[in-house]
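Residue numbers (my numbering), protein chains in the order written: chain U, 97 to 353; chain E, 97 to 353.
Quick caveat, the hints were computed from the structure, so don't treat them as lab data.
The model shown is predicted, which means the values in this text are computed figures rather than measured ones.
Fair warning: there could be bad hints in the mix.
[Unchecked claim] Think about it this way: if two alpha-carbon atoms lie no more than 27 Å apart in a straight line, the pair counts; the simulated DSS-like pairs of lysine-lysine are: (1) Lys283/E / Lys247/E; (2) Lys283/U / Lys213/E; (3) Lys325/E / Lys300/U; (4) Lys306/U / Lys213/E; (5) Lys213/E / Lys247/U; (6) Lys283/E / Lys283/U; (7) Lys283/U / Lys220/U; (8) Lys325/E / Lys283/E; (9) Lys300/U / Lys163/E.
[Said to hold, decoys possible] Below, a sample of chain U positions facing chain E; criterion: calculated Cβ distance under 7 Å: (10) Ala132; (11) Leu239; (12) Gly313.
The beta carbon of each residue, even a glycine, is placed where N, CA and C say it ideally should be.
Protein chains: 2
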Amino acid sequence: MDIVMVGAGNLATHLARALDEQGFRIRQVYSRTREAASELATQVGADYTTRIEALHKHAHIYICALKDDALLQLIPSLTKCNPDALWLHTAGSIPMGVWQNYADRHGVFYPLQTFSKHREVDFKEIPLFVEANNEDDRTLIDLLAHSLTDKVYHASSEGRKQLHLAAVFACNFTNHLYALADELLSKWGLPFEAILPLIDETAKKVHQLKPHEAQTGPAVRHDNEVMEKQRQMLADMPDVQQIYNMLSESIQKANRQ
Amino acid sequence: MDIVMVGAGNLATHLARALDEQGFRIRQVYSRTREAASELATQVGADYTTRIEALHKHAHIYICALKDDALLQLIPSLTKCNPDALWLHTAGSIPMGVWQNYADRHGVFYPLQTFSKHREVDFKEIPLFVEANNEDDRTLIDLLAHSLTDKVYHASSEGRKQLHLAAVFACNFTNHLYALADELLSKWGLPFEAILPLIDETAKKVHQLKPHEAQTGPAVRHDNEVMEKQRQMLADMPDVQQIYNMLSESIQKANRQ
């Protein structure tokens, strides 16, 4: 089964490598930039191109792992190379219907995970949410998905959008809080490493307790003295202080409910 | 070495149990509430009391793991039972100096971790930040600390306050974002379990990458279409929408710097 990977960003890279390892043949990598395209192509033994007109015309599956706006913009021109193939995108927030007018066979292959280029991930641990517009292709996508992970779920476009938004809170925003903690610690000359065990335990805890039950800290304890002192420590960082206030209030509100 | 544990909350419970396991003798547990005092006392084979006047008068070390305001309020009356003993508190935000006028020998024993009653923790993985007002007692506290973990650090009251504030971001606020994600998923009938691999990977990533480098998601990609749609999905939850906006802006600001 020949696959073309459209995109060479973080997700495209990890996905192409994982599929390559499972014996699928990545025929070609497309990226706007030559460097990204050739780097990924080399890793998976594929050709590469930076021109949409040069897309391989006889692959079975085209997986588009692009930024959302680039995907929406490129769908009409991409699909021209092989409108009868199976076209997939990997975006949480984009409904399957975007393919409707351009490719009869289409679907979605959405890994609910965060990918960074220089960080290996184990696809086996990644939940994949898949969708297809016909039974045969759903079976095909399931096969692809199950070769990578046991955690394969069917989700509608609506469900996927909801998962994606929850993931923004649980991953993107969480990581930004780590970044703010790092910024504070650096400013004070303290090592970020010191809080890694705390970060780990915070994540592990919610495997066992509901996050609401796992809440600790000055806000949920209504420890006003500590909170007032902590606000003062952030006096020279008004944006961070505002985040402190807003999240503390939100914790207290959730606790009243 | 006889220890009195003043407090029977989450931290007091985990700490008393860990010390008991290491062969230290917990003589007595004090708590305002009989139930909490007796529950912990039973676990560590100690007496218990709910009256400050009945505190054991001949222990070597008194460890006070109380809410910050309770600690500040109780120090004068607690120390009367044995002002010559070593008095410790476990609070990140309270300077060692609070003991000054009440106990000659004093210090701090601050575990940088989040504790919940029904969740076991491995003390070996917990960084302990200790402080003492004299060399002999620092040695004693070091001994106590090293019996529990290899990660023993000396930190001033100022450094501890800073660590505590960073921990509020990396742990308490992070957990609240998990809680908001959980709230969204429940509302939409989706299982929280589906995002656990994402939560785990987000935490693991920052062992290897700086959080700033690990940032992913629509905000850092300036994916305005997705962000606009996600804002709309939160239209009926104005507080959560405000958190979405503020953290997204903060991510973009950090990325400009």
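Now for the hints, and whether the structure bears them out:
1. Of the pairs offered as hints, the one joining Lys283/E and Lys247/E is violated, with about 41 Å between alpha carbons and a cut-off of 27 Å exceeded.
2. Proposed proximity of Lys283/U and Lys213/E is contradicted: the alpha carbons are some 33 Å apart, above 27 Å.
3. Between Lys325/E and Lys300/U the CA atoms are separated by roughly 31 Å; this puts the pair beyond 27 Å, and the hint is violated.
4. Straight-line distance between C-alpha atoms of Lys306/U and Lys213/E comes to about 13 Å, which keeps the hinted pair within the 27 Å bound.
5. A threshold of 27 Å between alpha carbons decides the hint, and for Lys213/E with Lys247/U the separation of about 31 Å lies outside it, so the pair is violated.
6. In summary, the hint linking Lys283/E to Lys283/U is not supported, as the alpha carbons are separated by about 39 Å, beyond the 27 Å threshold.
7. Among the hinted pairs, Lys283/U with Lys220/U is inconsistent with the structure: their alpha-carbon atoms are about 38 Å apart, more than 27 Å.
8. Proximity of Lys325/E to Lys283/E is assessed by CA-CA distance (about 18 Å); at most 27 Å being required, the pair is judged to hold.
9. A distance of roughly 25 Å separates the Cα atoms of Lys300/U and Lys163/E; the hinted pair therefore holds under the 27 Å criterion.
10. Proximity of Ala132/U to chain E is violated relative to the hint, the smallest CB-CB distance being about 15 Å (cut-off 7 Å).
11. Checking Leu239/U against chain E by beta carbon gives a least distance of about 21 Å; that is not within 7 Å, so the hint is violated.
12. Restraint check, Gly313/U versus chain E: the minimum CB separation of about 3 Å is within 7 Å; hint holds.
Hints 1, 2, 3, 5, 6, 7, 10 and 11 from the list above are not met by this structure, while the remaining hints are.
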